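Peer 1: As you go down the protein sequences, you meet chains C and Z in turn. Going by our numbering, the letters in the first sequence line up with residues 17 to 509, in that order. Going by our numbering, the letters in the second sequence line up with residues 17 to 509, in that order.
Keep in mind the hints are simulated off the structure, nothing from the lab. As the structure is a prediction and not an experimental result, all values here were calculated from the model. Just to be clear, a hint being listed does not mean it is correct.
The list treats identical chains as interchangeable, and a pair is accepted whether it falls inside one copy or across any two copies.
[To be verified] Think about it this way: if two alpha-carbon atoms lie no more than 27 Å apart in a straight line, the pair counts; the simulated DSSO-like pairs of lysine-lysine are:
(1) K78 to K431
(2) K33 to K230
(3) K256 to K454
(4) K436 to K198
(5) K46 to K431
(6) K78 to K112
(7) K255 to K198
(8) K71 to K431
(9) K431 to K59
(10) K193 to K431
(11) K436 to K193
(12) K436 to K46
(13) K193 to K230
Number of protein chains: 2
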Amino acid sequence: MAVQHNDSRLDRMFFPKSVAVVGASDVPAKWGNLILTSILGWKFGGRVFPVNPNKDTILGLKSYPSLRDIPEEVDLAVFTIPARFVPEGLRDCAAKGIKAAVIISSGFRETGSEGAGLEREIVAAAKEGGILFIGPNTMGIASAHHFFECLPSPTAPGPGGLAVVSQSGNIGLQIIKWIAHKQIGLAVYAGTGNESMLKAGDIMRYLGSLDEVKAIAMYIEGIDDGRTFGETAKEVTLKKPVIAIKTGRSQAGSKAAQSHTGSMAGSFATYSAMFRQSGVIQVTTPTDLINVSAAATHLPIPRSNRVGIMTMGGGWGIIAADECEDSGLVLPALPESMIRDLDPVLPEYWNRRNPIDVVGENDASLYLRVIGALARWSEVDSVIALGIVGRSRYVEDFISAQERLDGKLYSRELKLAILKDQVRTEERIISGVAALQKETGKPIIVVGLTEGGLRLADTSDGRVVCLSTPEEAVSIVAHLAWYGKYLKEARVR
Amino acid sequence: MAVQHNDSRLDRMFFPKSVAVVGASDVPAKWGNLILTSILGWKFGGRVFPVNPNKDTILGLKSYPSLRDIPEEVDLAVFTIPARFVPEGLRDCAAKGIKAAVIISSGFRETGSEGAGLEREIVAAAKEGGILFIGPNTMGIASAHHFFECLPSPTAPGPGGLAVVSQSGNIGLQIIKWIAHKQIGLAVYAGTGNESMLKAGDIMRYLGSLDEVKAIAMYIEGIDDGRTFGETAKEVTLKKPVIAIKTGRSQAGSKAAQSHTGSMAGSFATYSAMFRQSGVIQVTTPTDLINVSAAATHLPIPRSNRVGIMTMGGGWGIIAADECEDSGLVLPALPESMIRDLDPVLPEYWNRRNPIDVVGENDASLYLRVIGALARWSEVDSVIALGIVGRSRYVEDFISAQERLDGKLYSRELKLAILKDQVRTEERIISGVAALQKETGKPIIVVGLTEGGLRLADTSDGRVVCLSTPEEAVSIVAHLAWYGKYLKEARVR
Numbered sequence: 017m018a019v020q021h022n023d024s025r026l027d028r029m030f031f032p033k034s035v036a037v038v039g040a041s042d043v044p045a046k047w048g049n050l051i052l053t054s055i056l057g058w059k060f061g062g063r064v065f066p067v068n069p070n071k072d073t074i075l076g077l078k079s080y081p082s083l084r085d086i087p088e089e090v091d092l093a094v095f096t097i098p099a100r101f102v103p104e105g106l107r108d109c110a111a112k113g114i115k116a117a118v119i120i121s122s123g124f125r126e127t128g129s130e131g132a133g134l135e136r137e138i139v140a141a142a143k144e145g146g147i148l149f150i151g152p153n154t155m156g157i158a159s160a161h162h163f164f165e166c167l168p169s170p171t172a173p174g175p176g177g178l179a180v181v182s183q184s185g186n187i188g189l190q191i192i193k194w195i196a197h198k199q200i201g202l203a204v205y206a207g208t209g210n211e212s213m214l215k216a217g218d219i220m221r222y223l224g225s226l227d228e229v230k231a232i233a234m235y236i237e238g239i240d241d242g243r244t245f246g247e248t249a250k251e252v253t254l255k256k257p258v259i260a261i262k263t264g265r266s267q268a269g270s271k272a273a274q275s276h277t278g279s280m281a282g283s284f285a286t287y288s289a290m291f292r293q294s295g296v297i298q299v300t301t302p303t304d305l306i307n308v309s310a311a312a313t314h315l316p317i318p319r320s321n322r323v324g325i326m327t328m329g330g331g332w333g334i335i336a337a338d339e340c341e342d343s344g345l346v347l348p349a350l351p352e353s354m355i356r357d358l359d360p361v362l363p364e365y366w367n368r369r370n371p372i373d374v375v376g377e378n379d380a381s382l383y384l385r386v387i388g389a390l391a392r393w394s395e396v397d398s399v400i401a402l403g404i405v406g407r408s409r410y411v412e413d414f415i416s417a418q419e420r421l422d423g424k425l426y427s428r429e430l431k432l433a434i435l436k437d438q439v440r441t442e443e444r445i446i447s448g449v450a451a452l453q454k455e456t457g458k459p460i461i462v463v464g465l466t467e468g469g470l471r472l473a474d475t476s477d478g479r480v481v482c483l484s485t486p487e488e489a490v491s492i493v494a495h496l497a498w499y500g501k502y503l504k505e506a507r508v509r
Numbered sequence: 017m018a019v020q021h022n023d024s025r026l027d028r029m030f031f032p033k034s035v036a037v038v039g040a041s042d043v044p045a046k047w048g049n050l051i052l053t054s055i056l057g058w059k060f061g062g063r064v065f066p067v068n069p070n071k072d073t074i075l076g077l078k079s080y081p082s083l084r085d086i087p088e089e090v091d092l093a094v095f096t097i098p099a100r101f102v103p104e105g106l107r108d109c110a111a112k113g114i115k116a117a118v119i120i121s122s123g124f125r126e127t128g129s130e131g132a133g134l135e136r137e138i139v140a141a142a143k144e145g146g147i148l149f150i151g152p153n154t155m156g157i158a159s160a161h162h163f164f165e166c167l168p169s170p171t172a173p174g175p176g177g178l179a180v181v182s183q184s185g186n187i188g189l190q191i192i193k194w195i196a197h198k199q200i201g202l203a204v205y206a207g208t209g210n211e212s213m214l215k216a217g218d219i220m221r222y223l224g225s226l227d228e229v230k231a232i233a234m235y236i237e238g239i240d241d242g243r244t245f246g247e248t249a250k251e252v253t254l255k256k257p258v259i260a261i262k263t264g265r266s267q268a269g270s271k272a273a274q275s276h277t278g279s280m281a282g283s284f285a286t287y288s289a290m291f292r293q294s295g296v297i298q299v300t301t302p303t304d305l306i307n308v309s310a311a312a313t314h315l316p317i318p319r320s321n322r323v324g325i326m327t328m329g330g331g332w333g334i335i336a337a338d339e340c341e342d343s344g345l346v347l348p349a350l351p352e353s354m355i356r357d358l359d360p361v362l363p364e365y366w367n368r369r370n371p372i373d374v375v376g377e378n379d380a381s382l383y384l385r386v387i388g389a390l391a392r393w394s395e396v397d398s399v400i401a402l403g404i405v406g407r408s409r410y411v412e413d414f415i416s417a418q419e420r421l422d423g424k425l426y427s428r429e430l431k432l433a434i435l436k437d438q439v440r441t442e443e444r445i446i447s448g449v450a451a452l453q454k455e456t457g458k459p460i461i462v463v464g465l466t467e468g469g470l471r472l473a474d475t476s477d478g479r480v481v482c483l484s485t486p487e488e489a490v491s492i493v494a495h496l497a498w499y500g501k502y503l504k505e506a507r508v509r
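Go ahead and model the full structure; you've got the sequences and the hints to work with.
Peer 2: Right, dumping it as structure tokens:
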């Protein structure tokens with residue numbers, strides 16, 4: 017490990033009060049322009065100093081010939097200059113007393129032996145100067161509560177509880193976009209690049225210590241010191257969920273990973289065992305990384321793998337039951353007492369099984385009564401509700417047909433009233449689900465009727481996680497249930 | 017089998033020149049209102065006759081007391097009346113000479129033994145009257161080239177090549193919505209309901225004979241006569257791809273399926289073997305059903321499981337390689353000749369492997385050169401291109417940051433020019449991919465940078481299939497490659 021979790025240089029890196037951009041540029045599409053625009057384009061409250069000897073001002077700010085010329089204290093230096101100039105830049109940092117750096121520049125180990133020599137040189141320079149850097153060859157970092165985004169494609173993601181550590185810049189950037197567009201809420205992002213100094217595990221430990229971080233998502237290609245990573249993870253996962261995708265699990269993927277990061281990928285089975293033993297929730301696809309991380313950030317962790325399912329229409333229930341069994345989740349049989357309790361509100365021929373098929377009408381009270389019965393049932397620790405939201409899209413389609421028909425059958429007011437009615441029904445369902453989730457401390461995942469994947473619905477009782485397909489919901493529950501079981505056992509030890 | 021594929025009653029059912037809606041209503045949200053609105057609300061060119069003894073007109077059309085009172089020829093009767101009145105309605109059909117019916121009404125076998133008796137009664141009445149019906153307990157049917165949509169939630173899906181057969185109404189409806197919103201193009205939809213007369217296999221055979229149907233997607237819970245289905249499928253899959261999801265594969269799912277349709281689900285392994293032997297592409301999730309069906313409708317079928325991958329950024333390439341190996345796809349090593357060919361256009365340190373990481377810049381010519389080299393390479397039959405489209409979203413985000421910054425750095429015109437430039441770059445890539453696809457007869461799947469799943473891009477050389485994640489793309493290629501291999505072997509036999 018390069019650092020302690022309370023190394024103040026990490027605070028300077030992720031929550032700087034002042035930043036210098038070495039290689040700042042006003043030429044569109046250059047890295048020095050992208051990064052400076054990213055920092056200036058949000059609501060970052062700190063000072064920003066462009067460094068470029070060939071310009072007097074850049075993007076309206078005074079530009080300095082060198083880091084040494086900046087007259088104020090600088091917490092963080094960001095490098096976008098060519099690799100060969102970085103060693104000197106780090107010596108400037110040392111002279112100026114700058115203790116943290118983000119090295120965006122590429123052209124190091126990933127380009128061959130000459131670059132590898134340069135990489136050893138910057139590590140030596142940083143150590144000599146007491147500087148901690150992330151990178152090189154990283155696309156950057158961000159901390160959303162601090163409105164600090166130092167990335168080539170600024171997204172201004174809403175602040176929230178999910179932290180992301182990525183060993184791939186492209187994948188990391190894509191994850192931030194998803195987090196922003198799906199309003200999951202970002203805490204901190206760290207693209208670790210070549211990790212010649214700061215490792216993914218160091219960042220994980222630091223994130224574990226930050227109150228605003230509720231869950232940590234990690235994209236991992238290779239870890240050099242698996243033992244240390246595992247020990248760190250064991251501590252962090254007792255406090256908050258860590259969700260990781262380890263790529264390069266196949267022979268083909270592992271070869272691709274070696275040529276990408278230059279690191280040995282190691283045996284996938286070794287990684288899986290290490291994750292399992294240290295409580296890291298392992299996923300295998302980017303979609304699951306996003307979905308499970310979003311759910312882990314916002315939902316209670318179930319205490320077991322037993323699930324209750326309500327479905328509006330049998331088909332979804334069957335698919336969900338299939339997926340549950342494949343994922344190691346258990347659907348206990350309904351107790352007689354619940355059957356008696358639900359008999360009066362469901363059609364005489366209702367299936368009396370888990371999944372419960374409510375068959376009938378679009379009735380929020382009925383849905384909530386059934387979901388409530390499942391959530392309060394001591395035999396299950398998670399609930400999945402299928403096919404009950406998203407119907408306003410169907411109603412919209414119906415109104416469109418009406419309008420095509422002739423526009424006079426329903427008055428405009430009636431149409432809006434119908435739609436409003438449906439929207440209100442769905443809001444009632446979502447609020448009711450949130451209240452039940454809060455009351456029972458069990459996650460209740462909702463699967464809607466339309467495409468689009470993960471959606472988070474806000475209510476006064478917290479957030480409800482909605483998906484488009486049963487398989488996505490089941491995958492989330494299975495992963496969270498695994499973590500719940502791990503926690504129970506780890507806390508006993 | 018209830019019918020021959022050239023039974024003209026099927027043409028009357030799916031392509032009626034005139035339709036009667038028995039139980040038509042002007043009360044919003046009633047089935048008789050939903051269905052009538054659905055039929056009238058699109059561009060259906062045939063005559064429509066509401067049947068309801070209590071009304072003179074419904075939705076502006078003359079209403080008839082009974083089917084017998086309609087003065088013109090009727091191709092199809094649609095029943096939305098309570099189950100107990102359906103037998104009499106079928107006798108009216110016989111008297112009137114109506115040969116085809118859609119029985120939306122529920123309250124038959126799925127509700128218990130009394131309903132089962134009623135179901136036997138309607139089958140007897142239909143046989144006696146020479147009537148062919150679909151249902152009962154179906155949500156309806158549609159044929160998009162005929163602008164005929166007889167469904168409770170009208171969607172007006174764009175006409176196209178994909179036909180859908182669903183044993184679940186809810187799932188079927190959801191699939192149609194996805195097809196419509198993702199502009200995949202629908203040919204025919206059939207919700208088979210209780211299948212007391214027409215079976216899923218009958219419809220599949222009929223769809224196999226229709227020129228406008230390019231691929232058939234099936235949602236299957238249970239098939240009574242697996243042998244006949246398999247033999248039919250064997251004929252159909254020689255002409256066009258059939259993609260099926262069979263649910264109830266787990267014990268829990270199979271129990272849920274039994275209580276849903278009343279049919280025995282049978283052993284999942286038996287179904288899988290039957291699908292495999294008859295060339296049916298089997299998928300396990302609704303998302304794959306949509307994705308693979310869309311691809312099978314629009315793309316050439318690869319002749320082998322060998323794949324070439326280009327990636328912009330290493331991470332995606334690794335994930336894709338992992339997924340390929342898991343799915344039985346092979347990534348051949350690049351030949352020396354291709355390496356020599358690409359050396360001058362890629363950075364000196366390029367990985368010289370499959371997946372090819374193009375590392376560098378946003379350059380349409382470079383991408384197309386590499387994709388072209390892969391597509392023309394005789395060792396692979398499919399190509400996946402990762403990370404090269406969807407960047408205009410990044411550029412939009414960047415422009416937003418500029419605007420937040422102060423709105424004066426770039427002129428409005430410049431901003432639009434930048435975005436336009438990026439959009440044009442992507443259009444060039446997509447057109448180039450379509451041309452290569454046409455030239456080589458190999459599918460080239462594109463994976464973009466943003467969420468949202470499947471997207472079909474139109475070009476003058478045909479459609480390009482774009483996805484959001486490597487795993488979706490690999491799953492498509494793996495399923496199509498399996499079918500390609502099946503076809504090669506089946507045609508030799």
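Peer 1: Would you list, in rising numerical order, the hints stated earlier that this structure does not obey?
Peer 2: none
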